[in-house]
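Chemist: Now for the letters of each chain:
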Amino acid sequence: MKKLLGASIPLLAALVAFFFGAIMLVALGASPWEGLTSLASGAFGSGDRIAATLVKATPLILVGAGISIAFRTSVVNIGGEGQIVAGALLSTMVALAIPDVPRILLVPIVMVAGLVGGAIAGAIPGALKAYASVNEILSTIMLNIIMLQFMNFLLRGPLIDPLEVEAGTRIPQTARLSDNAALPTLVSGSRLHLGVVIALLAAVAAWAMLWRTPLGFRLRAVGHSPAAARSAGIKVERHITYALAISGSLGGLAGAILVFGSESQRMVTDGSTAGFTGSAGFNGIVTALFGGLHPLWTIPSAVLFGGLLTGATNLQRALQVPAALAVALNGIVVIFVVSSNRVRSRLEELLQARSEFKNSSGGDGPSADVDSLIEEVEHA
Amino acid sequence: MSDFFTVSVLVSVFASGIRLATPYLLASLGETIGQRSGVLNLGVDGIMLLAAFGAYYTALKTDNLWLAVLVALLVGLMVGVVYGLITVSLHAAQGISGIGIFLFGLGFSDLLFQVWVGTPLPVPHKLPKLSIPGLGSIPNIGEALFQHNLMTYGAFMLVPAVMFLLQKTTFGMNVRAVGENPQAADSLGVSVGRTRFMAILLGSSAAGLAGAALVLQGGIFQANLTNGLGFIAIAIVYFGAWRPLGAMAGSLLYGMVNATVVQLKVQGTIPRSASDLASMAPAVITILALVFLAGRVKAPAALTKPFARH
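Chains A and B are the protein sequences, given in the same order. Residues in the first sequence are numbered consecutively from 1, following the working numbering. Residues in the second sequence are numbered consecutively from 1, following the working numbering.
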């Protein structure tokens, strides 16, 4: 029963979000039914649409899985945006430096560069939290701002396409990157590329790491009770750093996939982080919460939110409703998921299903007590 | 660099530093009250965006700045009610709820802007400068300190007001009590929920005013206008050691850093490409300050902990 309630929260959250979405559509003078159908057909209406949705879901899966790992270790990672940018920048620089390496090697190399870039951007706030007691919520947000300015600096200066300088247009973007680094497409003529598969594998790896390896056990032990973990001989500080580094590395991988899965095959900035990341660093938080902070459940959750994002661009085209609607709805989903704790505990009392509490094997189904997990994290 | 250190440049940098400090100060003063009651509101940036749009749209349509500020205040208050219901009444985790508020504000303000305004137009009138009679005409000092807009004067006058509120009033004592030890406060008959709710309302109203100050000083709205300003305001509360005077010092620091960066860019002292690096300064300073102050200042003991009677 407990599990059933736990699984019903995301569904309820989706319903509430749709309800608010419908209200907003009416307020904007559009028919909610037309809105919903245009959203759905935009997201899943054709092969191309499904491919676009899966491509949009890719960074969400990665960031979401990473955020799940951080949360399970009692660390809040709001730095997805900066970690994506860090991974993208490092992998771009690697591709610019060694463009002639054969594709079979260069693709894995740039992906690893993405992982490393993100890991560095994650390890900094991780180490600051572990060894200098700096609140990681604030430091990850500050790193988002720092990475944005760093990206703008590099793309307007040292990494700018020489052709842009020659032409005097100075559009802040890199030169076209080596074709040897491009992620191969899975279906010819489609935008669906290998990045989707990499993200799925990474989510499975994140799950296996958390629940099937000694490292994962130690991370979760730290997340559950740092004091108990310490007395069991676990190096708490080091594992907090690991958690944010691993979490960040998945964001960095997402950044590399964004660059090398893009049609333009270059890194471009419009001056904002969201212009490059599509806000995947923040939307990944929504995805992770919606998936019960479980790397595997993050996958369907990411497909849903990826669909919302691609559907929203269709909504903009068909009904002139700005795609920013999707961002607002994401906020509502977060608020609903985290505030459902009290509502749910009331329901539980009614159902007297308190007996089988504390059974969080994590192997099956989203964790039934996401909110209590979040609370534990924030009070740690 | 030589022509930065002239009296007229320094005076104008100082003056714009104080002006730019205004939104930081309003937001961090409000957040100080909230955090002293044990509530971390991470949604400040979202509230500022919503309120800034409200103020912008009102100013655009009515050209009435008083009304614009009032709308921003009410928007802040409304979001505060929602945030209070979520975190106080429903005991939700504060940090992530705040991120929800932030995302909602980010998306919704952009949505309304695109639907109702579309192309970015400046407001007919920005906040006017008001020279204080006598003081305003002192050479240099007058220009730096006494030729500002009403919101700037108001923000700085709020500093002693919030100090008085927290230290000398019953409400302020209750705020500090529920932030340090809610169980004890509760057993003495202080309503933890009501006190925190009030603190949240004050804080988010102040965030609303911060949004108004930001947009009415600049004169124009755009998506993500705040660019993380609300989050920096939260950091200012931390390294202001949860005190109004600390919040003022931190806000002035950010105002001055921003004004200096802008001036150096305008002068061309730093090359165009390096100005992006210079724009990192506020965030870098924040992290360094947090490292330096961690363990040296003590947070309210019950910060981020929802309270429920057992």
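Everything labelled a hint here was simulated from the structure, so no lab data went into it. Keep in mind that the hints are not guaranteed to be accurate.
[To be verified] A partial selection of chain A residues facing chain B, derived with a Cβ cut-off under 8 Å: (1) Ala123; (2) Phe150; (3) Asn152.
[Said to hold, decoys possible] Output of the computed footprint for chain A on chain B, the stretches with three or more beta carbons under 8 Å from beta carbons of chain A: (4) 13-23; (5) 198-210.
Where a beta carbon is used, it is the ideal one built from N, C-alpha and C, also for glycine.
Chemist: Against which earlier hints does the structure fall short, listed by number upward?
Modeler: 1, 4 and 5
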